[in-house]
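Using the hints, position chain B against chain A.
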Amino acid sequence: MGRQAGCSKGKGGSMHFYKKDSNFYGGHGIVGAQVPLGCGLAFAQKYSKDETVTFALYGDGAANQGQLFEALNISALWDLPAILVCENNHYGMGTAEWRAAKSPAYYKRGDYVPGLKVDGMDAFAVKQACKFAKEHAMKNGPIILEMDTYRYHGHSMSDPGSTYRTRDEISGVRQERDPIERVRKLILSHDLATEKELKDIEKEVRKEVDDAIAQAKESPMPEPSELFTNVYAKGLGVESFGADRKEVRATLP
Amino acid sequence: MLGVVRQKMLGQSFPKIRPAVSVLRSYSSAAKQMTVREALNSALDEEMSADPKVFLMGEEVGEYQGAYKISKGLLEKYGPERVRDTPITEAVFAGIGVGTAYYGLKPVVEFMTFNFSMQAIDHIINSAAKSNYMSAGQMSVPIVFRGPNGAAAGVGAQHSQCYAAWYASCPGLKVLTPYSSEDARGMLKAAIRDPDPVVFLENELLYGEPFPVSDEVLDSSFCLPIGKAKIERVGRDVTITAFSKMVGHALKAAEILEKDGIDAEVINLRSIRPLDRSAINASVRKTNRLITVEEGFPQHGVGAEICASVVEESFAYLDAPVERIAGADIPMPYAANLERMAVPQVEDIVRAAKRACYRSVPLAAAA
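One line per chain: the protein sequences are A and B, in this order.
According to my numbering, the first sequence is numbered sequentially starting from 1.
According to my numbering, the second sequence is numbered sequentially starting from 1.
Just chain A, with the same shape it has in the complex (with noise of 0.2 Å):
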């Protein structure tokens, strides 16, 4: 939302959310640029001998990327605890993904990098494979898992999301194969809580949800000064400069 308590502090954008403290490493602008960087940070996690492993995740519109095919053999050449999560909504944006892969089997993509295809709608699988992928990958290497999912709204806030495929289609995935509702039916099948309580969970977290949007929308624009800041972690006092640069210059802390 572009405001001072934002993570980014306003200055990042929508997508650009970034927690290092909490291993968070966030997300990136450029399609598919993220699969190295993660490439990276599990190369480092190595030299550390830090025992931990890192998630790249990208979509099947990303799979296409060159840098993906370069980040699959360095990461098994060099043996990097890397795990490349293909979530495949079936859609790069407006393009089904017969439209733009030759195959559609991300998770075969590795050919020497081992890769599961996992039922994306489905917590449990999703947890279990994620667990296994993080043994294997601290022992072999890089793996691939591929998560069959869906997205129900548009690419983003421009795209109805509805040129390009069926409401049939989309209300079908809903109804058949929703994470939530799966979860949901499995709750209340094994008599785990009641009704009454999953909708008092739910309206406990709606509140959360809706105190936080209010929080956010509270928080003021970023201060004019904060359009300098950050440049550089080491501005090393050097003059940078507004549209009119006998108007605004700042000198970079």
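Derived by calculation from the structure, the hints in this document are not laboratory data.
It cannot be assumed that every hint is accurate.
Unchecked claim - Each computed DSS-like pair below joins lysine-lysine, with the alpha-carbon atoms no more than 30 Å apart:
no., chain 1, residue 1, chain 2, residue 2
1, B, Lys72, A, Lys19
2, A, Lys127, A, Lys234
3, A, Lys217, A, Lys203
4, B, Lys228, A, Lys134
5, A, Lys20, B, Lys53
6, A, Lys139, B, Lys53
7, A, Lys185, A, Lys217
8, A, Lys246, B, Lys53
9, A, Lys234, B, Lys228
10, B, Lys77, A, Lys49
11, B, Lys286, A, Lys139
12, A, Lys127, A, Lys108
13, B, Lys72, A, Lys49
14, A, Lys234, B, Lys53
15, A, Lys49, B, Lys53
16, A, Lys127, A, Lys20
17, A, Lys246, B, Lys77
18, A, Lys207, A, Lys127
19, A, Lys203, A, Lys127
Said to hold, decoys possible - Coverage of chain A stretches by chain B, computed from C-beta distances (three or more under 8 Å per stretch; other residues unrestricted):
no., stretch
20, 6-15
21, 25-33
For every residue, glycine included, the Cβ atom is placed at its ideal position computed from N, Cα and C.
Chain B in isolation, oriented as in the chain A frame:
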């Protein structure tokens, strides 16, 4: 006081160094000679020794000892974990470098030449340069991208481009262009220690050139400040700015101009971003005339930025229009005679300086 050192070795002559600010200590009677290659190698060695987070990655940096032998001996000393030979995949190894920098390591990524950096330029700009800003300071990127830049000799158009202007236009990057061995040592060390992404543009033809270095330069703590130019030759009549190999040409031009009574001040820019505008403007306010020299393409080049800066800050002090000497506005030709015409020569700088001092022969009539 350093005596004038002028020797001819293998057909090369050394620049006459008259230090404006002396860094040479008098207890060293004969200054040691060091090639730029040795300077870079020793800088890498010392920084890797001092900080285990520093590692080197690139094509042929390990077992081949470096395509230009800059990383000679480092694999033996530091092992294959820290000196990584990569496949020919610039995009991914630049991206991996940035990823390791996000995690807190200090990668030095070598491009065999900066022409190949174009394969990786998205990671240099969008992953490295912009991350600290976009994350409001959470993700700093202490990476160095280094390698030879600009024209070599007879390598053709796809292997001869200078990338100084392109990278220096991008906020979030620091762009350095060493000339001498002192520059190479001090600036590479500074670049590796710097917490921001640095594009370190070397020059293949300078690698073998020896320069005198003082004990201070040889010390492992030696470091040059980023963003400060060096006055290589103090003068009164005209300012010549240059970087990398062109500094040598500018110094030779200054010697020729001296015989004609023109006392040229030569500025070794050292840093293209941040550009030392105050040093350049202070010099122009003294001499009132400016020649910018660069190897790269002229349009939107480094000289264009310097000219604009001087016009903005020191217009009233200019006694003549700013002159730009740059590479020819063509892809680099291969034939040796054409290549010579495509790259600035000493006589081009001399002619431009004379024009700025109103001492030249009349311009060739336009067609």
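Verification of the hints:
no. : hint                  : verdict
1   : Lys72(B) - Lys19(A)   : violated, 39 Å
2   : Lys127(A) - Lys234(A) : violated, 41 Å
3   : Lys217(A) - Lys203(A) : holds, 21 Å
4   : Lys228(B) - Lys134(A) : violated, 48 Å
5   : Lys20(A) - Lys53(B)   : holds, 18 Å
6   : Lys139(A) - Lys53(B)  : holds, 23 Å
7   : Lys185(A) - Lys217(A) : violated, 35 Å
8   : Lys246(A) - Lys53(B)  : violated, 42 Å
9   : Lys234(A) - Lys228(B) : holds, 15 Å
10  : Lys77(B) - Lys49(A)   : holds, 20 Å
11  : Lys286(B) - Lys139(A) : violated, 66 Å
12  : Lys127(A) - Lys108(A) : holds, 21 Å
13  : Lys72(B) - Lys49(A)   : holds, 27 Å
14  : Lys234(A) - Lys53(B)  : holds, 19 Å
15  : Lys49(A) - Lys53(B)   : holds, 12 Å
16  : Lys127(A) - Lys20(A)  : holds, 23 Å
17  : Lys246(A) - Lys77(B)  : violated, 52 Å
18  : Lys207(A) - Lys127(A) : holds, 27 Å
19  : Lys203(A) - Lys127(A) : holds, 26 Å
20  : 6-15                  : holds (count 7)
21  : 25-33                 : holds (count 6)
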